[in-house]
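Asker: I would like the entire structure built from these sequences, with the hints used as guidance.
Under this note's numbering, the first residue of the sequence shown carries the number 5, and numbering increases by one thereafter.
Where hints are given, some of them may not hold.
In silico lysine to any residue, SDA-like type, Cα no more than 20 Å apart, as pairs [unchecked claim]: (1) 36 / 54; (2) 36 / 50; (3) 36 / 23; (4) 36 / 46; (5) 36 / 55; (6) 36 / 26; (7) 36 / 13; (8) 36 / 18; (9) 36 / 48; (10) 36 / 49; (11) 36 / 20; (12) 36 / 58.
Computed Cβ-Cβ distance ranges for the label pairs, DEER-style [what the hints assert, rightly or not]: (13) 133 / 47: 33 to 43 Å; (14) 139 / 58: 35 to 45 Å; (15) 39 / 130: 15 to 25 Å; (16) 136 / 108: 18 to 28 Å.
Hints were generated in silico from the structure; no laboratory data involved.
Values in this document were obtained by computation on a predicted structure and should not be read as measured data.
The C-beta atom is built at its ideal place from N, Cα and C for all residues, glycine as well.
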Amino acid sequence: MWLAIAALAVFALLAVFGREMFAVAFDPEVAKTQGIRTELISTLTTVLAAVTVVIGMRTVGLLLVSAIMIVPIAAAQQVSSSFRSTAVTGVIIGVACAVGGVIASYYVDAPSGATIVLLTLACFLVTLAIGALIRRST
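Answerer: Now the structure itself:
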């Protein structure tokens, strides 16, 4: 339940502050000259990351959190061409792998965290191959 609440909060904050977060992450000095409150956006990003890590630690354990946070975005980068599409694709991959991993772990009687990470790594390998095909065809 906490994971779902955190996901909704992250979605809502990305919908409201997504452009500002991208601008601050890309070039904070230019973002500041554009009138973006970079300190506030940086703090917001840090808090979101911290909350995600804490909830993730309670869900899958400390060692698997980084893989669950990084691999879906790395997978999305293989098939996406913009920041927005990478973020959306990464979220879709992450949620699908989390739900699929929990369901699969129930049926194969395995730890859910490890199953989620294995499924996420499998998605990365699939997107790596798809991305290579896309790049080769263009």
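Asker: Can you list which hints this structure breaks, lowest number first?
Answerer: Structure breaks hints 1, 5, 7, 12 and 15.
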